[in-house]
Amino acid sequence: MTGISSSRAGVNLVAADARRLFQAVLFLGFCAIASRAQQPPQDPLINLMLSQPPIELNAPVTATAAFDPPVVAPGQLSVYRVTFNALGESIQFPAELPADPQLGLRRSAEGEVMQMGAGSIVPTTGFNYRTYPSSVGEFVVTQFVATVYGKAVEVPAAKLTVTSSLPPDVQPADQIVLEIPETNLFVGQPAKVRLLYPGNQAGMVQAVSQVQLIGEGILADQAPISQRIERLPLPQGNGTVPTYIYETIITPLKSGKLNVTAQGFSSGLHTSGPLVITGGAITIPPAPPRYTLLDSAPLDLQVKPLPREGQLPGFTGAIGVFTLDPPKLAANVLKAGEPVELTVTIRGEGDFSRLVAPVPPSATGWQVLASDPSITISPTPAPVPPPPSPSPGPSVPTTVGVSPYVPPGSASPTPAAAPPPIKPGYLPQGAATFHFTLIPVSEDVRATPPIPFSSFEAGRGAYVDLTIPSLPVTVNKGLVNADAAAVAQAEADSGEEEKLVLSGLANAPGRMAATLTPLQLQPWFPLAQLAPAFVLGSLWVWDRRRRYLERHPDIVLRRRALQALRRHRRAARQAARLGDARAFASSAVRAMQAGSAPHYPAEPGALVGGDVLDVLRTAELADGSGRAADTVKRVFAITDAAQFSALSPSSDGAPARTATDAPKELLSLQPDIEEVLRNLEERLCPA
Amino acid sequence: MPRLIPTSILLACVLRTSSMASSSETLFHEGTQAYAAAEYSSAATNFEQSAALQPSSGTLQNLGLAQWQRGQPGRAVLAWEQALWIDPFNLHAKTNLRFARKVEQIEAPNLAWYEVVSSWLPGDWWAWMAGVSLWFAVSATMLPAIFRLQKRTWHQAVAALGLMIFLLTLPAHLGVLTRSRIGFVLDKGAPLRLTPTSEAQVLTRLGAGEPARMERKRGNFVFVRTGLTAGWLDLRQFGLVSPSS
Numbered sequence: 001m002t003g004i005s006s007s008r009a010g011v012n013l014v015a016a017d018a019r020r021l022f023q024a025v026l027f028l029g030f031c032a033i034a035s036r037a038q039q040p041p042q043d044p045l046i047n048l049m050l051s052q053p054p055i056e057l058n059a060p061v062t063a064t065a066a067f068d069p070p071v072v073a074p075g076q077l078s079v080y081r082v083t084f085n086a087l088g089e090s091i092q093f094p095a096e097l098p099a100d101p102q103l104g105l106r107r108s109a110e111g112e113v114m115q116m117g118a119g120s121i122v123p124t125t126g127f128n129y130r131t132y133p134s135s136v137g138e139f140v141v142t143q144f145v146a147t148v149y150g151k152a153v154e155v156p157a158a159k160l161t162v163t164s165s166l167p168p169d170v171q172p173a174d175q176i177v178l179e180i181p182e183t184n185l186f187v188g189q190p191a192k193v194r195l196l197y198p199g200n201q202a203g204m205v206q207a208v209s210q211v212q213l214i215g216e217g218i219l220a221d222q223a224p225i226s227q228r229i230e231r232l233p234l235p236q237g238n239g240t241v242p243t244y245i246y247e248t249i250i251t252p253l254k255s256g257k258l259n260v261t262a263q264g265f266s267s268g269l270h271t272s273g274p275l276v277i278t279g280g281a282i283t284i285p286p287a288p289p290r291y292t293l294l295d296s297a298p299l300d301l302q303v304k305p306l307p308r309e310g311q312l313p314g315f316t317g318a319i320g321v322f323t324l325d326p327p328k329l330a331a332n333v334l335k336a337g338e339p340v341e342l343t344v345t346i347r348g349e350g351d352f353s354r355l356v357a358p359v360p361p362s363a364t365g366w367q368v369l370a371s372d373p374s375i376t377i378s379p380t381p382a383p384v385p386p387p388p389s390p391s392p393g394p395s396v397p398t399t400v401g402v403s404p405y406v407p408p409g410s411a412s413p414t415p416a417a418a419p420p421p422i423k424p425g426y427l428p429q430g431a432a433t434f435h436f437t438l439i440p441v442s443e444d445v446r447a448t449p450p451i452p453f454s455s456f457e458a459g460r461g462a463y464v465d466l467t468i469p470s471l472p473v474t475v476n477k478g479l480v481n482a483d484a485a486a487v488a489q490a491e492a493d494s495g496e497e498e499k500l501v502l503s504g505l506a507n508a509p510g511r512m513a514a515t516l517t518p519l520q521l522q523p524w525f526p527l528a529q530l531a532p533a534f535v536l537g538s539l540w541v542w543d544r545r546r547r548y549l550e551r552h553p554d555i556v557l558r559r560r561a562l563q564a565l566r567r568h569r570r571a572a573r574q575a576a577r578l579g580d581a582r583a584f585a586s587s588a589v590r591a592m593q594a595g596s597a598p599h600y601p602a603e604p605g606a607l608v609g610g611d612v613l614d615v616l617r618t619a620e621l622a623d624g625s626g627r628a629a630d631t632v633k634r635v636f637a638i639t640d641a642a643q644f645s646a647l648s649p650s651s652d653g654a655p656a657r658t659a660t661d662a663p664k665e666l667l668s669l670q671p672d673i674e675e676v677l678r679n680l681e682e683r684l685c686p687a
Numbered sequence: 001m002p003r004l005i006p007t008s009i010l011l012a013c014v015l016r017t018s019s020m021a022s023s024s025e026t027l028f029h030e031g032t033q034a035y036a037a038a039e040y041s042s043a044a045t046n047f048e049q050s051a052a053l054q055p056s057s058g059t060l061q062n063l064g065l066a067q068w069q070r071g072q073p074g075r076a077v078l079a080w081e082q083a084l085w086i087d088p089f090n091l092h093a094k095t096n097l098r099f100a101r102k103v104e105q106i107e108a109p110n111l112a113w114y115e116v117v118s119s120w121l122p123g124d125w126w127a128w129m130a131g132v133s134l135w136f137a138v139s140a141t142m143l144p145a146i147f148r149l150q151k152r153t154w155h156q157a158v159a160a161l162g163l164m165i166f167l168l169t170l171p172a173h174l175g176v177l178t179r180s181r182i183g184f185v186l187d188k189g190a191p192l193r194l195t196p197t198s199e200a201q202v203l204t205r206l207g208a209g210e211p212a213r214m215e216r217k218r219g220n221f222v223f224v225r226t227g228l229t230a231g232w233l234d235l236r237q238f239g240l241v242s243p244s245s
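Same order as they appear, the protein sequences are chains X and A. Going by my numbering, the first sequence opens with residue 1, and the numbers climb by one from there. Going by my numbering, the second sequence opens with residue 1, and the numbers climb by one from there.
Source of the hints: derived by calculation from the structure; they are not laboratory data. Keep in mind it's a predicted model, so treat the numbers as computed, not measured. By construction, the Cβ of each residue, glycine as well, lies at the ideal position given by its N, Cα and C atoms. Mixed in with the good hints there might be a few duds.
Far from chain A by the CB rule (all over 10 Å, computed), these chain X residues [claimed, not checked]:
| # | residue |
| --- | --- |
| 1 | 165 |
| 2 | 174 |
| 3 | 218 |
| 4 | 253 |
| 5 | 257 |
| 6 | 300 |
| 7 | 321 |
| 8 | 328 |
| 9 | 347 |
| 10 | 450 |
| 11 | 556 |
| 12 | 566 |
In the BS3-like style, the derived pairs of lysine-lysine whose C-alpha atoms are separated by at most 25 Å in a straight line are [said to hold, decoys possible]:
| # | chain 1 | residue 1 | chain 2 | residue 2 |
| --- | --- | --- | --- | --- |
| 13 | X | 328 | X | 477 |
| 14 | X | 304 | A | 188 |
| 15 | X | 254 | A | 188 |
| 16 | A | 94 | A | 188 |
| 17 | X | 304 | X | 257 |
| 18 | X | 192 | X | 257 |
| 19 | A | 102 | A | 188 |
| 20 | X | 304 | A | 102 |
| 21 | X | 192 | X | 304 |
| 22 | X | 254 | X | 192 |
| 23 | A | 188 | X | 257 |
| 24 | X | 254 | A | 102 |
| 25 | A | 188 | A | 217 |
| 26 | X | 335 | X | 477 |
| 27 | X | 304 | X | 254 |
Stretch-level coverage of chain X by chain A, calculated; a stretch enters the list once three of its residues show a Cβ under 8 Å from a Cβ in chain A [to be verified]:
| # | segment |
| --- | --- |
| 28 | 514-520 |
| 29 | 532-544 |
Generate the whole structure from the sequences, applying the supplied hints.
Put into structure tokens, the structure is as follows:
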């Protein structure tokens with residue numbers, strides 16, 4: 001009994017110890033859980049980042065440099081590659097390399113890739129240069145220094161041998177082949193691009209990662225349309241090689257001549273995204289991939305701007321070959337104020353990812369709202385027959401832009417021709433569905449408004465109308481918000497302005513101008529205004545003078561008399577010079593008569609010598625000599641005698657004197673006559 | 001011999017004018033062909049030279065189209081404005097301007113009422129109308145008295161009409177003069193500077209086709225006033241509708 005009780009006591013003791021131990025463990029567990037519950041949950045992204053291996057920045061930086069291939073024939077491609085195990089941002093690479101200028105090295109690619117190393121990520125940066133040496137010889141790019149992480153790193157020398165007799169086992173340069181079916185594009189037109197990286201005849205092929213398409217004015221899609229490995233025939237026709245094919249789309253954003261190159265890193269079979277392998281067995285590279293920077297020869301694109309002429313309404317930048325499915329309306333019998341959805345699908349070939357829905361129109365009686373289009377792109381793009389032969393206008397070339405390449409491992413060392421070209425029109429097919437919400441604000445509407453939409457077909461070089469047609473509807477009375485109706489009507493009124501398009505060219509120069517300077521600012525115009533002013537002013541002055549003379553007729557008489565006196569005086573002088581006494585006397589008398597006539601007034605011919613004397617008498621009294629009177633008397637006497645004695649015979653029987661017999665002595669009186677005439681003239685001239 | 005000199009001068013002027021006109025037309029047609037072949041730069045050059053020899057509305061309209069196709073909206077707007085300056089009835093140029101301003105989101109110049117009036121007719125028409133109407137009115141007033149015609153009511157009516165036309169053209173004259181100082185920014189992002197130097201602080205950048213009024217000039221810079229601001233602009237980036245003003 002004692003044994004049993006002692007064993008029971010022992011058991012009880014053990015049980016108590018176990019119980020205590022269990023309680024202690026339970027307590028500690030609760031404590032642990034409680035403390036953990038107090039910590040905030042960690043960001044999963046931080047966790048992800050922390051779980052990644054670190055980037056190796058502390059390892060010694062080494063550089064490698066080599067020509068690929070190191071031996072070429074004249075005119076063949078060799079790629080000079082320099083590789084650093086460092087981040088690209090940290091490398092200061094010299095702009096000029098210490099190379100023979102005859103090499104003509106031209107930088108063709110620069111890229112960086114992260115490789116998995118032993119417990120860390122190792123950055124690798126590569127610089128590629130292309131050369132096509134034309135002369136035979138050995139060319140060396142000597143050792144030079146680059147700065148990495150602030151420290152100098154030596155880049156070893158590399159040698160290239162150019163020889164006419166190339167060894168048979170020399171492989172051509174490792175490069176990507178860039179193919180663009182269409183090189184004549186319009187701005188915004190998507191173009192399919194294909195990159196080829198051939199393997200070798202042993203079936204070994206590598207993919208290309210971190211593919212970049214580089215070119216100014218080019219927008220390249222980040223994700224490929226497809227990447228696959230398939231067997232393509234060798235150019236020489238001796239079998240096929242597995243070739244990595246990467247397809248994507250580029251879109252030129254500016255016009256002109258654009259240059260496109262491709263680059264990437266050979267990466268074994270490491271790719272991002274699905275990789276389809278077809279066409280037989282391939283050999284997977286045994287070792288982890290060596291990331292080699294590859295590049296392609298540049299390709300030129302000729303990009304034209306979209307024509308402004310002929311642009312149709314509703315063009316939102318869609319370029320491709322599209323068709324419109326019949327639109328679908330959720331209901332045909334509507335109530336005013338209640339929305340209805342209009343759905344229309346556009347199908348075809350183009351860049352659907354950038355398709356923009358047409359702008360909802362402003363229509364009387366409707367309020368139209370649009371939502372973002374839902375887009376689907378067919379998963380396996382199928383080749384589309386090329387568009388019909390283009391009309392006269394921008395043409396689509398049928399040549400393929402291909403950079404030359406030689407599949408590595410091929411038997412022939414000479415550069416081979418390109419693989420078969422891709423047919424034009426090989427773009428992804430897809431569909432986009434536009435959704436519009438239409439709200440009738442009036443019961444009077446009978447159909448939905450047409451929604452202008454158009455696209456540009458590059459093959460034809462013309463815009464295509466894809467206007468979404470109107471559908472008949474019946475609108476019943478409903479509750480319409482007055483504000484909505486007013487807004488819709490206002491939008492409709494403002495939207496009914498004419499659709500603006502650019503005009504065509506003018507056929508003729510049209511209205512011309514000598515200059516764009518306004519006439520008012522040209523110096524000759526104000527001066528030209530002086531002409532009518534001068535004319536009118538002259539007329540006005542003339543009219544004033546005329547009126548003055550009318551009020552003072554004596555002035556006219558005097559002027560006329562003066563003119564007559566001077567005229568006769570000239571005649572008298574002339575006659576005196578000629579010795580014609582008769583004419584001299586006659587002219588002298590007339591002059592005196594003319595000079596005296598205004599003082600009476602009287603006709604000059606009616607005046608006799610006495611009249612002239614009366615005029616002169618005042619002058620005689622002024623100068624105190626009677627000489628002038630005597631002269632006048634003698635002239636008139638002689639003239640009268642000569643004139644009248646011709647009519648009656650003389651009393652002494654002498655022959656009658658005629659007028660032609662005026663005595664020559666009259667000519668001697670010329671000075672006196674001149675004096676008389678001068679006096680008369682003075683009396684005629686106003687003071 | 002002396003009579004031959006003015007005749008020969010006149011003949012030389014006529015020949016020069018006709019040769020200029022023919023070369024201007026040749027350039028116009030060459031530009032049209034280049035435009036049709038989508039060689040817009042060449043077309044713009046031809047139209048520019050043609051307009052320099054003989055400014056005409058159609059040539060400037062085509063120049064604007066070529067510049068637009070080249071992606072030079074500022075120069076296109078200037079060309080169309082100059083086309084309207086010569087011929088305000090050119091509907092194509094008007095439409096193109098509205099199109100360009102809508103596409104590029106640029107404003108039209110803010111015109112005063114007298115400037116709007118002046119834009120109804122070519123500027124030269126206003127000048128001739130004013131001159132003819134003024135002297136017509138003066139003649140209608142003076143000539144009957146000079147030629148001693150009996151003054152009639154219609155004489156006075158004609159004089160009044162002429163004077164009325166003259167007075168009505170005065171605001172248009174002012175509008176022509178002020179509008180001649182309107183110009184447009186040619187290049188996108190043209191810097192508007194605080195002082196007339198190339199190193200001066202940039203106040204803002206102007207868009208191509210934006211209108212501005214020139215107030216004064218200094219060296220290679222012009223002081224312009226836009227709708228929002230004022231400053232100095234490089235003369236090469238600013239095009240006046242009426243270049244000689």
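Against the structure, the hints come out as follows:
No Cβ of chain A comes within 10 Å of the Cβ of residue 165 (chain X); the nearest lies about 49 Å off, and the non-interface call holds. Every beta carbon of chain A lies more than 10 Å from that of residue 174 (chain X), the smallest distance being close to 40 Å; the non-interface claim holds. With a least CB separation of 17 Å from chain A, residue 218 (chain X) remains clear of the 10 Å interface cut-off, as annotated. Chain A leaves residue 253 (chain X) outside its interface by the beta-carbon criterion, the shortest separation being 12 Å against a cut-off of 10 Å.
Every CB of chain A lies more than 10 Å from the CB of residue 257 (chain X), the least distance being 13 Å, so the non-interface label holds. Against the 10 Å criterion, residue 300 (chain X) stays outside the reach of chain A, whose nearest CB is about 18 Å from its own CB. Distance check on residue 321 (chain X): its Cβ is at least 22 Å (rounded) from any Cβ of chain A, clearing the 10 Å threshold; non-interface status holds. Here residue 328 (chain X) stays apart from chain A, with its beta-carbon at least about 33 Å from theirs, past the 10 Å limit.
The non-interface label for residue 347 (chain X) is consistent with chain A: the shortest C-beta to C-beta separation is roughly 29 Å, beyond 10 Å. Under the 10 Å C-beta cut-off, the non-interface status given to residue 450 (chain X) relative to chain A holds; the minimum distance is some 21 Å. For residue 556 (chain X), the non-interface assignment is confirmed: its Cβ lies about 18 Å from the closest Cβ of chain A, beyond the 10 Å cut-off. The claim that residue 566 (chain X) is not at the interface with chain A holds, since no C-beta of that chain comes within 10 Å of its own (minimum 31 Å).
About 23 Å separates the Cα atoms of residue 328 (chain X) and residue 477 (chain X), which keeps this hinted pair within 25 Å; it holds. At roughly 21 Å between alpha-carbon atoms, residue 304 (chain X) and residue 188 (chain A) fall within 25 Å of each other, so this suggested pair holds. Pair hint residue 254 (chain X) plus residue 188 (chain A) holds up; C-alpha atoms about 16 Å apart against a cutoff of 25 Å. Distance restraint check for residue 94 (chain A) and residue 188 (chain A): the Cα-Cα separation of roughly 22 Å lies within the 25 Å cut-off, and the hinted pair is therefore satisfied.
Distance restraint check for residue 304 (chain X) and residue 257 (chain X): the Cα-Cα separation of roughly 9 Å lies within the 25 Å cut-off, and the hinted pair is therefore satisfied. Only pairs whose Cα atoms come within 25 Å are accepted, and residue 192 (chain X) paired with residue 257 (chain X) is accepted, the gap being roughly 18 Å. For a cut-off of 25 Å, the pair hint linking residue 102 (chain A) to residue 188 (chain A) stands: about 16 Å separates their Cα positions. Between residue 304 (chain X) and residue 102 (chain A) the CA atoms are separated by roughly 23 Å; this keeps the pair inside 25 Å, and the hint holds.
With a CA separation close to 17 Å, the supplied pair residue 192 (chain X) and residue 304 (chain X) stays within the 25 Å bound. Restraint check for residue 254 (chain X) and residue 192 (chain X): the C-alpha separation of about 17 Å stays at or below 25 Å, so the hint holds. A threshold of 25 Å between alpha carbons decides the hint, and for residue 188 (chain A) with residue 257 (chain X) the separation of about 22 Å falls inside it, so the pair holds. Our distance criterion of 25 Å between C-alpha atoms is met by residue 254 (chain X) and residue 102 (chain A), whose separation comes to about 21 Å.
Taking the CA atoms of residue 188 (chain A) and residue 217 (chain A), the gap is near 21 Å; set against the 25 Å cutoff, the hint holds. Between residue 335 (chain X) and residue 477 (chain X), the direct Cα distance comes to roughly 6 Å. Compliance with the 25 Å bound is thereby established for this hinted pair. Distance check on the hinted pair: residue 304 (chain X) and residue 254 (chain X) sit about 8 Å apart at the alpha-carbon level, within 25 Å; holds. Counting residues of the segment 514-520 of chain X whose C-beta lies closer than 8 Å to any C-beta of chain A gives 7; at least three are required, and the coverage claim holds.
Here the segment 532-544 of chain X counts 7 residues with a CB under 8 Å from a CB of chain A, which clears the bar of 3, and the coverage holds.
Taken one by one, the earlier hints all hold for this structure without exception.
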